[in-house]
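Number 285 marks the last residue of the sequence shown (full-length UniProt numbering); no jumps.
Derived by calculation from the structure, the hints in this document are not laboratory data. Just so we're clear, the structure is a prediction, and the values are computed from it rather than from any experiment. Some clues are possibly wrong.
[As the list claims (entries may be wrong)] Calculated lysine-lysine pairs in the DSS-like style (CA-CA distance at most 25 Å, straight line):
1) 162 to 129
2) 109 to 137
3) 280 to 265
4) 26 to 109
5) 109 to 259
6) 157 to 26
7) 63 to 151
8) 41 to 137
9) 280 to 136
10) 151 to 280
11) 63 to 162
12) 26 to 151
13) 162 to 41
14) 109 to 136
15) 162 to 280
16) 41 to 151
17) 26 to 136
18) 265 to 109
19) 162 to 151
20) 109 to 151
21) 157 to 129
22) 137 to 162
23) 109 to 280
24) 162 to 265
25) 136 to 151
26) 41 to 63
27) 162 to 109
28) 280 to 137
29) 129 to 151
30) 109 to 157
31) 157 to 63
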Amino acid sequence: MSSRLGNLKASASEAASHLLETFFNKSITRRQLIDANQLQKLALTLNRPTLNGKDVSEHPPTKGTPVPPGYHLVYFTPNGTEAELGNDGSDTTFNVSAPFTRRMWAGGKMTWATDLSLRVGDDVHETTKLLSATPKKSRSVGEMVLVEVEKEYWGTKGLLLKDRRSWVFRPEIDLDAVKEVPKPLENTVRGPSIIKDIDAQSEEGHPGEVVHGPLNLINLLDYWRDIHGNGERPREISYRALSPLYAGQTYNIRTDAIKNTENGKTWDVLVEREGTVCMKSEITA
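Let's have the full structure, built from the sequences with the hints guiding it.
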């Protein structure tokens, strides 16, 4: 298996099997203090200088300030040196073996505890486990591997948040073969950078810098809190990236439908640009 995976002709099925074998019945736990400065810098970057009703323009939020939905993504960034990271700057722990080295963030699901919340000053443990690794193949994009991981965030009083992420891994780029803009699936953007750099444009055929999908997700959650949530957090969100957005483009976030359920309400919220749906979500509260 290992020698086969070292060959660039290793199949998606072999790569998926290898990842499943590596992380069978395993999880990885990291610990971090939820510091105020990091939250402040993210809020100001998003042009939202008020957190929990208090201005954080000059001073970071105080201990106990709730971390808004989605803002936890600024924490638990990859450890290690630059050489140990992926080409896109992301953590490679759950990456698929070569040649499937291009990671694209396809979607996911977040579920928040109803009685606990992530707060500034908390000592939090993040536990990550592999849920699945599935070989896929399509006529337009060829072989790929769909990987799903689940992250749980635990505080001293219990589980705060479950964050399930779906990634698509495609073979490394053939520079001679790049003649046109990649299809939307190829552009389901990756972390942790907010935008991909200019070199990546020429390598992968993008017409501009690609906006990081989770940045759109955070903006989507902020929209829901402002318009529908009265500043409160949702109970759950499921989302899927469908089409790329590039730096400098203007897009709209809108509510497509509101439905009553046995346990509350759901909102279908879309990120759109010129009539094209770039991300869709279902939010429950």
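Earlier hints that do not hold, by number: Structure breaks hints 8 and 22.
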